[in-house]
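Using my numbering, you'd call the opening residue of the sequence shown number 1 and step up by one each time.
Please keep in mind that the hints were generated in silico from the structure rather than gathered at the bench. Each statement offered as a hint is correct.
Below, simulated DSS-like cross-link-like pairs (lysine-lysine); rule was C-alpha separation at most 30 Å, straight line:
#	residue 1	residue 2
1	K378	K79
2	K74	K155
3	K84	K74
4	K87	K378
5	K378	K152
6	K309	K378
7	K74	K378
8	K152	K227
9	K155	K87
10	K225	K309
11	K152	K79
12	K84	K152
13	K225	K152
14	K309	K87
15	K227	K309
16	K155	K227
17	K155	K225
18	K79	K155
19	K232	K309
20	K84	K309
21	K225	K74
22	K155	K232
Quick list of the computed label-pair ranges, beta carbon to beta carbon:
#	residue 1	residue 2	range
23	L119	P238	51 to 61 Å
24	F118	S224	47 to 57 Å
25	F236	N42	31 to 41 Å
26	N42	V199	22 to 32 Å
27	A156	E342	55 to 65 Å
28	I229	L328	36 to 46 Å
29	F94	R302	35 to 45 Å
30	F245	G73	30 to 40 Å
31	F118	F245	40 to 50 Å
For glycine and all other residues, C-beta sits at the position ideal for the given N, C-alpha and C.
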Amino acid sequence: MSKAKEHLYEIDLMRALIILGVICVHVISFFNLFTVQMTGVNLRNDAALTALHFTREAFMFITGLVLFITYYGKPFNVKMFLGKRLKLIAIPYFAFTLLYMLFTQTYMPTPHLTLPLFLQNYGIALLTGNQFFLYYLLISLQLYIIFPWLLKFIKATERYHGLLFGISFALEIALMWFNKFYLQMPAGLHLPGLLGVLVNYRDRIIITYQFWFIAGALVAVHYSKIKAILQKYVRFIPWILLFSFFAIGVHVAIDRLVQHQDESQTVLVLQPLMIPYSLLATVTLWSLGMAWSRVRLDSRFRQISRLIKTAAAASFGIFLIHPFFLHLVQVTIYRLHTTAAERVWLTPVAILFVYFSAMIVARLVARIPYLSYIVGQKSTWHSQKKLPMQRGTVRENTAS
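Required output: the full structure, derived from the provided sequences and hints.
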């Protein structure tokens with residue numbers, strides 16, 4: 001296993017690209033609203049969205065990976081862990097839930113809204129993570145709460161990690177099959193009591209994503225060994241990924257043109273196809289990250305290296321802040337009355353605008369004492385009093 005203090009530069013590139021993928025999904029989803037169903041542009045967007053929907057799982061994989069790299073096989077204090085991790089995730093969760101609700105009121109005001117009603121809605125939002133994309137923070141809170149037990153479980157099953165990986169993978173496939181082919185159907189939408197509540201919010205319950213956290217944990221425990229295996233067979237990854245893109249296209253064509261399924265079903269994140277595909281996409285990003293870590297200090301890549309470092313450090317803040325700029329893009333596009341041809345080239349422009357605008361704001365907020373906590377960064381007021389961190393050490397990122 002990697003040394004505790006070794007900084008995984010390959011993860012920096014993964015974070016930077018994954019959050020870019022998240023923004024691509026949200027921007028393309030918006031522009032797809034303007035397309036006519038079953039046209040070439042519509043089907044192309046569906047394929048792009050499906051191909052990009054690995055980002056949720058990849059972020060969760062990184063979460064498990066970095067947590068176990070940091071804490072596995074070392075002295076572990078539950079109270080200190082929860083105090084540190086929950087503070088850096090709960091503060092952003094409470095803060096951005098409130099900010100999103102206040103922001104929504106500026107363009108979608110609720111008639112007769114009173115303070116008690118607002119506080120009630122705020123409580124519901126905290127319980128359900130229903131504001132924009134805060135489901136990820138709600139899942140992270142669940143992970144941190146059970147992490148001490150998960151740490152013990154991974155340690156206790158050290159002799160059976162291969163079997164554990166297989167069982168977890170099979171369970172994830174079964175859960176995704178059940179979700180797509182039963183829970184998405186009318187019979188699955190009207191389950192009684194607590195079961196119905198759990199089903200309605202299944203996309204923000206940790207069990208739905210158990211494989212990605214366990215996979216990240218197992219890779220962390222056997223990091224050097226798995227990394228060596230990946231480097232040995234890395235030349236095959238582009239060909240396998242190319243085949244996967246072809247499979248995604250076939251999936252979209254069959255779902256839409258043959259089975260006449262609804263678009264939401266085709267691009268569904270929680271479906272069996274996405275498990276092996278997301279795993280392959282994550283491994284591909286990891287291999288790219290390893291290649292990047294070997295050349296990052298080359299003078300030819302100095303500016304790119306700085307950008308990747310900044311994007312990785314700001315990734316959690318970008319995730320939290322980008323809905324504001326995404327809304328600005330949406331309002332602008334509607335007001336400009338754009339044509340179909342204009343929207344084709346405006347899509348990448350919008351993606352870059354949202355990505356870099358959110359990055360700049362996230363970095364600025366991270367430098368403000370105490371306010372930095374809302375983007376998951378420790379206050380610079382305290383960090384300035386400490387000695388500079390030695391080169392090469394791990395710096396935890398709240399997004400993981």
